[in-house]
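Q: These are the residues of each chain, in order.
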Amino acid sequence: MNQRSTEAQARPLAPGVGTAVRSGIEVPVVVDPTRFPVEDPGKPGEFPFTRGIFADGYRGRLWTMRQYSGFGTAEESNERYRFLLERGQTGLSVALDLPTQCGFDPDEPMARPEIGKVGVSLSNLSEMEILFRGIDLSRISTSFTINGTAAILYAMYIACADRTGVPRSKLTGTIQNDILKEYVARGTWIFPVRPSMRLISDTILFGNRETPRFNTISIAGAHMRDAGCTAAEEMAYTLANGLAYVDELIRRGGNADSFAQRLSFFFYVHMDLFEEIAKFRAGRRAWARLLKERYGVTDPKAQMFRFGVVCGGSSLVAPQPDNNVVRVAIETMAAVMSGAQSIFTCALDEPFQIPTEFSAELALRTQQIVAYESGIARTVDPLGGSYFAEHLTDRMEQRIDALMKEIEDYGGAVKAIEDGWLQLRIAHRAHERKLQTDSGELPVVGLNCFRHENQAAAPEEVFRVDPQASRRVLEKLEAVRDRRNQAEVERVLDRLEQAAGVDDENLMPHLIECCHAYATVGEMVARLKAQWGEFREPVRL
Amino acid sequence: MNPQIEKTPLRGKRILVAKPGLDGHDVGAKVVALALRDAGAEVIYTGLRKTPGYIARVAVDEDVDAVGLSILSGSHNELVADTLEQLRELQGEDIPVFVGGTIPAPDQQGLRERGVREVFTSDIPLADVVAAIARLLS
Chain E
1 MNQRSTEAQA RPLAPGVGTA VRSGIEVPVV VDPTRFPVED PGKPGEFPFT RGIFADGYRG
61 RLWTMRQYSG FGTAEESNER YRFLLERGQT GLSVALDLPT QCGFDPDEPM ARPEIGKVGV
121 SLSNLSEMEI LFRGIDLSRI STSFTINGTA AILYAMYIAC ADRTGVPRSK LTGTIQNDIL
181 KEYVARGTWI FPVRPSMRLI SDTILFGNRE TPRFNTISIA GAHMRDAGCT AAEEMAYTLA
241 NGLAYVDELI RRGGNADSFA QRLSFFFYVH MDLFEEIAKF RAGRRAWARL LKERYGVTDP
301 KAQMFRFGVV CGGSSLVAPQ PDNNVVRVAI ETMAAVMSGA QSIFTCALDE PFQIPTEFSA
361 ELALRTQQIV AYESGIARTV DPLGGSYFAE HLTDRMEQRI DALMKEIEDY GGAVKAIEDG
421 WLQLRIAHRA HERKLQTDSG ELPVVGLNCF RHENQAAAPE EVFRVDPQAS RRVLEKLEAV
481 RDRRNQAEVE RVLDRLEQAA GVDDENLMPH LIECCHAYAT VGEMVARLKA QWGEFREPVR
541 L
Chain Y
1 MNPQIEKTPL RGKRILVAKP GLDGHDVGAK VVALALRDAG AEVIYTGLRK TPGYIARVAV
61 DEDVDAVGLS ILSGSHNELV ADTLEQLREL QGEDIPVFVG GTIPAPDQQG LRERGVREVF
121 TSDIPLADVV AAIARLLS
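So the sequence lines, in the order shown, correspond to chains E and Y.
Once you know that position 86 of the first sequence is 86 in the working numbering, the rest is easy, because the numbers rise by one and skip nothing.
Once you know that position 97 of the second sequence is 97 in the working numbering, the rest is easy, because the numbers rise by one and skip nothing.
For the record, the hints were derived by calculation from the structure and aren't laboratory data.
Among the hints, a few may not be true.
Stated by the list, open to error - Here are some, though not all, of the chain Y residues that point toward chain E, as calculated from beta-carbon distances under 7 angstroms:
(1) THR8
(2) TYR54
(3) GLY74
(4) ALA134
As the list claims (entries may be wrong) - Covered by chain Y, according to a simulated footprint, are these stretches of chain E (three or more residues, beta-carbon under 8 angstroms):
(5) 107 to 121
(6) 426 to 437
Unchecked claim - Some chain E residues flagged as far from chain Y (calculated, every beta-carbon gap over 12 angstroms):
(7) ARG22
(8) HIS223
(9) ASN255
(10) LEU273
(11) THR298
(12) ASP394
The beta-carbon is built from N, C-alpha and C at its ideal position, and this holds for glycine as well.
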């Protein structure tokens, strides 16, 4: 046991409380400022933004409440979006089904069992027109959790706006578009790493010009976290991936002072409250420093670390599922005290199924209660200057720096991922975490402690996607193929394929043209595969 | 190392751990694969995005003692049925199949009725997973 932790402690340790945060950083029982000098955190809204990117915190504008949602057909999802907007949600977050995410049309054999299961099926522009029917794209910000086919869905969104007369410059929202972490943790990769990096640069460079209010990438640690990373690893690997994108964009001629203003980030908030807050404060500071010191970025807007979060994920468990509401409430408080720009609160049944209307509303209510009743949003960075918060922020930043250096020494994020090195490390970490949970070393109430025989095993209400959804999706696809101008489709697809073979040509205008012609996601992906081939997963255990 | 599974009850067994369909969540598959390996088994892991036909072919060609299918996309009913069918076509119907993932309780029973021998969800301790598979193969 760490000497420092025990000094002020006369009594034996209470079981389950521990002396370290979950990343393994030992914490003192009392932070005595004369013994643990802390760094001056500066002011909110000023470099290095430890205390937040805005001087006035949430007073000018609360965070965006954005519940991830989508399933079945575009018609059903459109109905759920209107339900959430009527209840006070302030942004949309589109969940896509796996065929759309992996670049298969619904009628391909790999796709059929998965149509509409984990999100909505959007194979072509006509489906997106249905999805946003009655929703004004110039007034709502829309986030798409899309990666392998992000450029295509972004093109489709632009085409959809074009059709409804919304100027591109007015579009707000985010595409996740972070392929590096897909190779590591989420698995919706399509093309090899290098052409994928090119496609991402195309979207960011195009977006800077055409949709200046739209975030063309959300560099995500969330999925690596849920795959097993600690909080410190989540932040470090995400920043390392961020640097890989910045390097690629600079190589393509981008100006970091400009494009870095549209980079955004996305993380999980799990249960260790102060560890999470320290993670975000440290990450914000580390990113600002990297941009300034490594790339000479001087515009404060380009140094700002803007991030969204998801509360819940693998910190939620099936036994006694109602407990999950309490977990998400605590995590939401951590997110707010960290200064998150957008929050998605998982529903109590989210880890096991698509939320029901009841659980989806309760999840949104959780953040509304934190926002409007708890009062913690009134003052920016309310923990700033706390001996403990500053101490842990400093320690977390040191840990993040050390982990990033490890990746750098290996040869950078792209190499670590191509080789499967990072994937292997995270798999072993997940195994460790599972054993710690099994043994009770990581207490989870209702799962490995305080269980009783009659407790609820899982949510009682099971959400089912309409079994007819898949048939309707297939019928609609056939109708679109019959209706569209086939010669025009072939012509624009040919142009896309040709452009994909030329390294420095931006593919976005071609993809938008394909979307307008009602070419499908699968057709566009097939043409890109013809030029680039497919990713070969390094399988290591 | 967890003392509960430091024994090697699966020594000499070959087990295929597979990811059918498009689901990219591979933590469960990898963690179970590592636990089976720690328990003495020789584990073959397919990697992501494999068809039921491919999985059945590998299972039969590699002469494995069991096949584990990991599915978290909600497509377990279709993908498991298809894999069992493909195994039958290749005369591999005697190979025991177990399934892991987010499988709602009513579906767990359905999968067992189709011939799946064990269903594991993420809250089950690894030691119990290993013990159940060891019983299955003893």
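Q: Which hints, by number, does the structure contradict?
A: 1, 2, 4, 8
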